[in-house]
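Going down the list, the protein sequences come from chains A and B.
Here the first sequence is numbered in the numbering used here, starting from 1 and rising by one per residue.
Here the second sequence is numbered in the numbering used here, starting from 1001 and rising by one per residue.
Hints are not guaranteed to be accurate.
Claimed, not checked - Calculated lysine to any residue pairs in the SDA-like style (CA-CA distance at most 25 Å, straight line):
id, chain 1, residue 1, chain 2, residue 2
1, A, K9, B, G1083
2, A, K70, B, P1078
3, B, K1059, A, I99
4, B, K1004, A, V142
5, A, K126, B, D1072
6, B, K1004, A, T56
7, B, K1067, A, P61
8, B, K1010, A, D146
9, A, K156, A, S66
10, A, K47, B, P1079
11, A, K11, A, K107
12, A, K94, B, G1083
Claimed, not checked - Estimated spans, in silico, between C-beta atoms of each pair:
id, chain 1, residue 1, chain 2, residue 2, range
13, B, N1028, A, N48, 35 to 43 Å
14, A, Q98, B, S1069, 36 to 44 Å
15, A, S147, B, D1040, 34 to 42 Å
Stated by the list, open to error - Chain A regions said to be covered by chain B (calculated; three or more residues, Cβ under 8 Å):
id, segment
16, 14-22
17, 121-129
18, 139-147
Hint data in this document are derived by calculation from the structure and do not stem from the laboratory.
No residue lacks a Cβ here, since even glycine has one placed at the ideal position from N, Cα and C.
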Amino acid sequence: MSKNYPMIKIKIQNEDFDISEETKNLHQNNTGAIVNFVGVVRGLDEKNNQIINSMTLEHYPGMTESEIEKIIFDSYKRWELTGVTVIHRVGELKPSDQIVFVGVSSKHRQNAFDGCNFIMDWLKTKAPFWKVEENNNKKNWVSFNDSDNQALKKWKK
Amino acid sequence: MVVKYFSWIKEHIGKSEEQLDLPSNITNVNQLINYLNEIDEKYNIIFEKKELIKIAVNKIYSSFDTKISNSDEIAFFPPVTGG
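Using the sequences provided together with the hints, build the complete structure.
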């Protein structure tokens, strides 16, 4: 029996997003669970004990969307999902601004939890986005965190 | 060929992309890197630690031995930090 493909939405945008609106959009007739992840801008760089005034995100148009599409495709090969939405903001953001939304719906909760976790872990390591933090007019390109690579290990079985 | 740069690499080179007319003896990414290193030393810092650089050919993750031609779009960027 062939699997039903979930409804997919991928958006890279400057504008903010509305979590409740996006959650409603993940509803299908057979949806019984929706799991959302929202990433926000930190106001403090704890490693260097520095206040962050703002952050700017850039991406690689075309490749970013296709990498996210591949990750979503992999997620629904592993779990039965009814909908996936990924929204990632670019441009200048301030502390507490929303950066990323990953919403996953499914018939039952476990698939939505796992699918959301999987998509976020792979997005962190594969989707071409780069952050630069600014404080007191100093720019600091955020470096890759190896714990993001470690997080992938749980999916490699 | 179009070569694109992102993040601190773009800032170091001073531009986000450049058009190159590739000599015919350059057929893979590694040879392109050697070529860039020879034409201007500003590239040296970027490719000093090649293992830290990510490569895309026509917007697909690729490696140093990926075959390339003059009609391709190549991108060099550091590991990604979105999310």
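For each hint, the structure was consulted:
no., hint, in the structure
1, A:K9 <-> B:G1083, "holds (17 Å)"
2, A:K70 <-> B:P1078, "holds (20 Å)"
3, B:K1059 <-> A:I99, "holds (23 Å)"
4, B:K1004 <-> A:V142, "holds (20 Å)"
5, A:K126 <-> B:D1072, "holds (21 Å)"
6, B:K1004 <-> A:T56, "holds (19 Å)"
7, B:K1067 <-> A:P61, "holds (23 Å)"
8, B:K1010 <-> A:D146, "holds (23 Å)"
9, A:K156 <-> A:S66, "holds (21 Å)"
10, A:K47 <-> B:P1079, "holds (19 Å)"
11, A:K11 <-> A:K107, "holds (24 Å)"
12, A:K94 <-> B:G1083, "holds (15 Å)"
13, B:N1028 <-> A:N48: 35 to 43 Å, "holds (39 Å)"
14, A:Q98 <-> B:S1069: 36 to 44 Å, "holds (42 Å)"
15, A:S147 <-> B:D1040: 34 to 42 Å, "holds (36 Å)"
16, 14-22, "violated (count 0)"
17, 121-129, "holds (count 7)"
18, 139-147, "holds (count 5)"
This entry does not satisfy hint 16, going by the numbered hints stated previously; all others are met.
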